[in-house]
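Enquirer: Chain order of the listed sequences is X and W. The numbers in my numbering rise by one with no breaks, and the one at position 69 of the first sequence is 189. The numbers in my numbering rise by one with no breaks, and the one at position 93 of the second sequence is 430.
Some clues are possibly wrong.
Rough simulated footprint, nothing fancy, chain W against chain X, three-plus residues with beta-carbon under 8 Å [claimed, not checked]:
no.: 1; segment: 202 to 214
no.: 2; segment: 223 to 231
no.: 3; segment: 319 to 328
no.: 4; segment: 367 to 374
Hints were generated in silico from the structure; no laboratory data involved. Cβ coordinates follow ideal geometry from the N, Cα and C atoms, glycine included.
Read off the chains here:
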Amino acid sequence: MLELKAPFRRVYAHAYHITLSLRRDAFRLLDVTLWPLVLFLSMGLFAQSFTRDPRVIGLVVLGALGWRIIYHFQMEAVQLYMDNYWQGMIEHVMIAPLKWWEFVLGGAISAVVKILVIAFSFLLLGRVLFGFTVRTPLATLSGLLACAACGLVLAIFSMGVAFLKRGDAFAFIFAFPDVIAVLSGVFYPVTVFPRPVQVFAQILPTTHAFNLLKATLGQAPGEPGMFLATLFPWLVAGAVFTQWALAKARREGKLVKMK
Amino acid sequence: MDAVVARQVSKSFAGGRQALSRVDLAIAEGAIHGLLGPNGAGKTTLIGTMVGLTAPDEGTVEVCGLDVGRHLHRVQTLVNMVRGFSGVIEKVTARELLTYYAHLYDAPLARVDEVLRLTGLWERRHQEVALLSSGWRQRFFIAKGLINRPRVLFLDEPTVGLDVDAALAVRDLIREINREGCTILLTTHYMREAEDLCSTIALIADGRIVAEGDPAALKALVRGPDLPAPTLEDVFLRLTRQTLEVADA
Chain X
121 MLELKAPFRR
131 VYAHAYHITL
141 SLRRDAFRLL
151 DVTLWPLVLF
161 LSMGLFAQSF
171 TRDPRVIGLV
181 VLGALGWRII
191 YHFQMEAVQL
201 YMDNYWQGMI
211 EHVMIAPLKW
221 WEFVLGGAIS
231 AVVKILVIAF
241 SFLLLGRVLF
251 GFTVRTPLAT
261 LSGLLACAAC
271 GLVLAIFSMG
281 VAFLKRGDAF
291 AFIFAFPDVI
301 AVLSGVFYPV
311 TVFPRPVQVF
321 AQILPTTHAF
331 NLLKATLGQA
341 PGEPGMFLAT
351 LFPWLVAGAV
361 FTQWALAKAR
371 REGKLVKMK
Chain W
338 MDAVVARQVS
348 KSFAGGRQAL
358 SRVDLAIAEG
368 AIHGLLGPNG
378 AGKTTLIGTM
388 VGLTAPDEGT
398 VEVCGLDVGR
408 HLHRVQTLVN
418 MVRGFSGVIE
428 KVTARELLTY
438 YAHLYDAPLA
448 RVDEVLRLTG
458 LWERRHQEVA
468 LLSSGWRQRF
478 FIAKGLINRP
488 RVLFLDEPTV
498 GLDVDAALAV
508 RDLIREINRE
518 GCTILLTTHY
528 MREAEDLCST
538 IALIADGRIV
548 AEGDPAALKA
558 LVRGPDLPAP
568 TLEDVFLRLT
578 RQTLEVADA
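Bound conformation, chain X alone (with noise of 0.2 Å):
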């Protein structure tokens, strides 16, 4: 390991920077803990109360799963920037010979981490508490995969209006896979949405990743090309936006607080 390229060892420093903030830190490990069981055993209990059907329970159990996928692989890339800038380091990682990107895969390794150990809780409870059971593990790992493509995307996003508005950044990039998440249909078809959003949610790869998890429960048509099509303009433009982003941060004199 000690051995990798330059850019993986980039990578391989922010996840090992935020694993020593996630193991000192208990309110981090409430994370990976406390705070999706909140919502996966509030929404679960609530659909169970009204129904055992277990298309329902497979809604509650996948969609929330997914949702912290996307949420953390969206926070993960970003934590650690703000992170640097709260605690008045930021000059001394962005002096360092790194890429944009290289923040967002080492989030990602860290995503990675926490997600299987709430993917192992959700599963889990969900079996014990609501006899779920996942039917069709290959359709559903590539509904999860999906998820976790979205997460990146927003990642990206995330990064370019840090840059861009540092410590002003936190509150966008904390509402931004949630608010996403619930344009994109979680727990329900779009169709509940007036026409309008309907529109915009049919062109976020969010509503398709949901939907390919969905349609392992057969409560949605799962179209990978769909997702396919709407993820990759969302890759691109983010890309474009944060490179954009950084330049101009760099231009500005912004990308840092110095004093």
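Got chain X; can you put chain W on it based on the hints?
Expert: For chain W alone, kept in the frame of chain X given last:
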């Protein structure tokens, strides 16, 4: 050969504030070059253009023969920076944090222990950096600044806020680093420190270099009947005040 060359570098910020105005500066390889100026003179902005944190509006900066704008990534492998005002991330030990930077710079992990010993931090390697005294914390940042064996090290007020003993120790460290071949650009508000450490000094005021040379040459600029034996402080006050008065007028 010059390790750092700034040519006609200008930079202004939002609101039209001109931070740098056509700055020319050359730092010889192996030198400790001082950059002195009042608060807000443009020292930190100039360093920012040299390490790639800020892009100049006009002009070019070369480090080790590479244009910073065009070869930023390569330049960033060759430089490092230590500042006197850095915050520090909590609950992480000196060794852990240096390991992070070693990964960032693709430095061998053995370098972590080397810089810990070089800076005298070895006995404190398992202590949280945030809990170190300011003197030891500054040694930590110097260790961080050396992790990639930089060819040019930018020291932005490295002894600010340190007690006499800690400041002396940091100065000794700076000399030692320089003896090993590292070119250093040092900003400081302590004239004695600049005179003690620097082979050449540039004075900057209102975003312009107002004088440059070795300490003796700078003193000669203001020597006269009213000031037969000027100190560097006299040079600083006279030349920077003149510039600011002209700017105000």
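Enquirer: Next step is simple, just say for each hint if it's right about the structure.
Expert: Consistency of the hints with the structure:
Proximity of the segment 202 to 214 of chain X to chain W, defined as three or more residues with a beta carbon under 8 Å from a beta carbon of that chain, is established by the 9 residues found. A count of 0 residues in the segment 223 to 231 of chain X with a Cβ less than 8 Å from any Cβ of chain W is obtained; the coverage claim is therefore unmet, three being the minimum. Under the rule that three or more residues need a Cβ within less than 8 Å of chain W, the assignment of the segment 319 to 328 of chain X is violated, with 0 such residues. Against chain W, the segment 367 to 374 of chain X contributes 5 residues with a C-beta closer than 8 Å to a partner C-beta. That satisfies the three-residue criterion, and the hint holds.
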